[in-house]
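Peer 1: Whole structure, please, built from the sequences with the hints as guidance.
There are 2 protein chains.
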Amino acid sequence: MRKTIECVANFSTSERKSVEAILGEIRRTPQAYLLDYTYDDYYNRLVVSFAGTEESVLQAALSASSRAIDLIDMRKHKGQHPRLGAVDVVPFIPIRNTTIDDCVKVSKEFGRTLAAQHSVPIYLYGAAATKPERSDLDWIRKGEYEALAEMIVQPDRRPDFGPAEPHATAGATITGARKVMAGFNVNLGTSDLSTAKKIARALHAGKGGFATVKAMGAEIPGKGITQIGMSITDFEKTPLYRVFELLKLEADRYNVPILGSEFCGMAPLQSVLAIAAYYLKIDNLEANRILEVAVQNAIEKGDQGDQK
Amino acid sequence: MRKTIECVANFSTSERKSVEAILGEIRRTPQAYLLDYTYDDYYNRLVVSFAGTEESVLQAALSASSRAIDLIDMRKHKGQHPRLGAVDVVPFIPIRNTTIDDCVKVSKEFGRTLAAQHSVPIYLYGAAATKPERSDLDWIRKGEYEALAEMIVQPDRRPDFGPAEPHATAGATITGARKVMAGFNVNLGTSDLSTAKKIARALHAGKGGFATVKAMGAEIPGKGITQIGMSITDFEKTPLYRVFELLKLEADRYNVPILGSEFCGMAPLQSVLAIAAYYLKIDNLEANRILEVAVQNAIEKGDQGDQK
Chain F
1326 MRKTIECVAN
1336 FSTSERKSVE
1346 AILGEIRRTP
1356 QAYLLDYTYD
1366 DYYNRLVVSF
1376 AGTEESVLQA
1386 ALSASSRAID
1396 LIDMRKHKGQ
1406 HPRLGAVDVV
1416 PFIPIRNTTI
1426 DDCVKVSKEF
1436 GRTLAAQHSV
1446 PIYLYGAAAT
1456 KPERSDLDWI
1466 RKGEYEALAE
1476 MIVQPDRRPD
1486 FGPAEPHATA
1496 GATITGARKV
1506 MAGFNVNLGT
1516 SDLSTAKKIA
1526 RALHAGKGGF
1536 ATVKAMGAEI
1546 PGKGITQIGM
1556 SITDFEKTPL
1566 YRVFELLKLE
1576 ADRYNVPILG
1586 SEFCGMAPLQ
1596 SVLAIAAYYL
1606 KIDNLEANRI
1616 LEVAVQNAIE
1626 KGDQGDQK
Chain V
1326 MRKTIECVAN
1336 FSTSERKSVE
1346 AILGEIRRTP
1356 QAYLLDYTYD
1366 DYYNRLVVSF
1376 AGTEESVLQA
1386 ALSASSRAID
1396 LIDMRKHKGQ
1406 HPRLGAVDVV
1416 PFIPIRNTTI
1426 DDCVKVSKEF
1436 GRTLAAQHSV
1446 PIYLYGAAAT
1456 KPERSDLDWI
1466 RKGEYEALAE
1476 MIVQPDRRPD
1486 FGPAEPHATA
1496 GATITGARKV
1506 MAGFNVNLGT
1516 SDLSTAKKIA
1526 RALHAGKGGF
1536 ATVKAMGAEI
1546 PGKGITQIGM
1556 SITDFEKTPL
1566 YRVFELLKLE
1576 ADRYNVPILG
1586 SEFCGMAPLQ
1596 SVLAIAAYYL
1606 KIDNLEANRI
1616 LEVAVQNAIE
1626 KGDQGDQK
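Taken in sequence, the protein lines are chains F and V. Letter by letter, the first sequence follows residues 1326 to 1633 in this note's numbering. Letter by letter, the second sequence follows residues 1326 to 1633 in this note's numbering.
Mixed in with the good hints there might be a few duds.
Note that the list lumps identical chains together, so a pair holds whenever it fits in one copy or between two copies.
Calculated pairs, DSS-like style, for lysine-lysine (alpha carbon to alpha carbon, straight line, at most 27 Å) [to be verified]:
#1 Lys1467 <-> Lys1626
#2 Lys1328 <-> Lys1626
#3 Lys1456 <-> Lys1430
#4 Lys1606 <-> Lys1523
#5 Lys1342 <-> Lys1504
#6 Lys1606 <-> Lys1532
#7 Lys1433 <-> Lys1606
#8 Lys1548 <-> Lys1606
#9 Lys1328 <-> Lys1342
#10 Lys1456 <-> Lys1504
#11 Lys1328 <-> Lys1532
#12 Lys1606 <-> Lys1573
#13 Lys1606 <-> Lys1522
#14 Lys1433 <-> Lys1342
#15 Lys1504 <-> Lys1626
#16 Lys1562 <-> Lys1606
In short, the hints are calculated from the structure, not lab data. Here the structure is a predicted model, which means the values were calculated and not measured.
Peer 2: Set out below in structure tokens:
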């Protein structure tokens, strides 16, 4: 099976022309495949998923990031999602026939090249982190873009590549390697942000919630509702049904109805299977029990056998 | 994308040597891929899923059926599942880049050949049925193997291929084409078969239940429990969460706990996504939102583009 990695790049813009220009760079990179993108004005953030070979994904990430640095001015940026720069965070993820170490290498190559081309400071996070505390995005993003100039000169916060001062319009960029994770948003039938924040805290690892969950409350302007935005970094240890049921419990406490949910970005198959298995009391629902997956795997295996 | 069909063949045996011989025929057919098989003593039935090109699946189905006819003696067969013959029912199912009409053609070729080789009477059902009532398996199986000799001579029950008399040891075979369906079994914490049958009736199309569901109650010997065995022929119209919740409602009525569930055979992806979407209040969860599916599709699309 072909070596495949994914990149889920986060850019600090929701402005149409910039979004199209960034997506265009990925689309025109050979063997890099755009899987999904979302952006909205309240986060003021573009999240793009693309996949392909290591070389093609690295190339697409560099082209898209160069374009974003040219187009985005962080001095004018406002948004509800924490961010450090125009190219905020660029994780590389092993998908098929690749390891997390392969992705660490790609992320270092990405960081080194972007720093050299644009004089933007680069932090390595996740499995690429050079110190334990740097594996955590929140630690790196502390104070966000606005505090970057004073934070970056602290001895323990020197960037891994590039100058120890912010890029004037692009701030700093975080890159690294991580496993596949699930992004999941739940809309609440209340406009009260303080209630949403209370519910988010109950789930958030840093506040005593689930160890692999980050959760934040945010307003969705113009709709009179709020949203719990979550990332579940290990959905095998912390399955989504458990997160959802606890969220429901906390929302019930404040008589807040759950209006609906959505995956943010791509949904990993195993995270969805675990949800179905729980509610229908199926002991074990593995990917190779799914018809389409089993057929694909059987054909690929057969092709390999035929080639021998 | 390669043309692919599936076959889910049902043989009236659970005897080890026969099971292995039948599976062996499928395994040794080039480009036919064994996906899954299950068999048990209380149904006394082997269900085998395999996929591949039209030619390879037809060939594997014929070889396996010939072997089954040689090995199985219906005069000695007992089991809780209705059946008409040694090779009981052999549906062909379009999976990728094929239509139900393609599968009708394959099923007719299968029936014609098996009748010619073994003088076994063949009924066409599903989308291959030659009369409306024959699209229904239950209608064809009326009276089962034991009543076949008297049923088959009735003018409206003449077989579509082969002689109008049962094969002495193999009975008759039903073949045809159908869409992908879901097989789903739920174990009940009661040994009382009459309660299980009552719950099954509430779900069964023929008794006023869901229009696309067939449900039966069965004992699981030695375990002191019963099972509701179901097939959902159109899981888009009748999603599995709805079937499961109604089953739960009826079981609650008799204070019967649900011990667990399982897919019988392969689980169609869309049927699983619909379960997860319902319980987590996701408006619409489509296959191309699943990471692994989207990556596979993007690569195949890219390969086709590259070949141009």
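Peer 1: Against each hint, give a clear statement of whether it holds in the structure.
Peer 2: Outcome of the hint check:
| no. | hint | in the structure |
| --- | --- | --- |
| 1 | Lys1467 <-> Lys1626 | neither (47 Å within a copy, 41 Å between copies) |
| 2 | Lys1328 <-> Lys1626 | both (15 Å within a copy, 16 Å between copies) |
| 3 | Lys1456 <-> Lys1430 | within (16 Å within a copy, 64 Å between copies) |
| 4 | Lys1606 <-> Lys1523 | between (31 Å within a copy, 21 Å between copies) |
| 5 | Lys1342 <-> Lys1504 | neither (31 Å within a copy, 44 Å between copies) |
| 6 | Lys1606 <-> Lys1532 | between (31 Å within a copy, 26 Å between copies) |
| 7 | Lys1433 <-> Lys1606 | neither (43 Å within a copy, 39 Å between copies) |
| 8 | Lys1548 <-> Lys1606 | between (36 Å within a copy, 18 Å between copies) |
| 9 | Lys1328 <-> Lys1342 | neither (33 Å within a copy, 41 Å between copies) |
| 10 | Lys1456 <-> Lys1504 | within (18 Å within a copy, 55 Å between copies) |
| 11 | Lys1328 <-> Lys1532 | neither (38 Å within a copy, 52 Å between copies) |
| 12 | Lys1606 <-> Lys1573 | both (20 Å within a copy, 11 Å between copies) |
| 13 | Lys1606 <-> Lys1522 | between (32 Å within a copy, 21 Å between copies) |
| 14 | Lys1433 <-> Lys1342 | neither (29 Å within a copy, 57 Å between copies) |
| 15 | Lys1504 <-> Lys1626 | both (25 Å within a copy, 25 Å between copies) |
| 16 | Lys1562 <-> Lys1606 | both (18 Å within a copy, 22 Å between copies) |
Going through the hint list in order, the structure does not satisfy hints 1, 5, 7, 9, 11 and 14.
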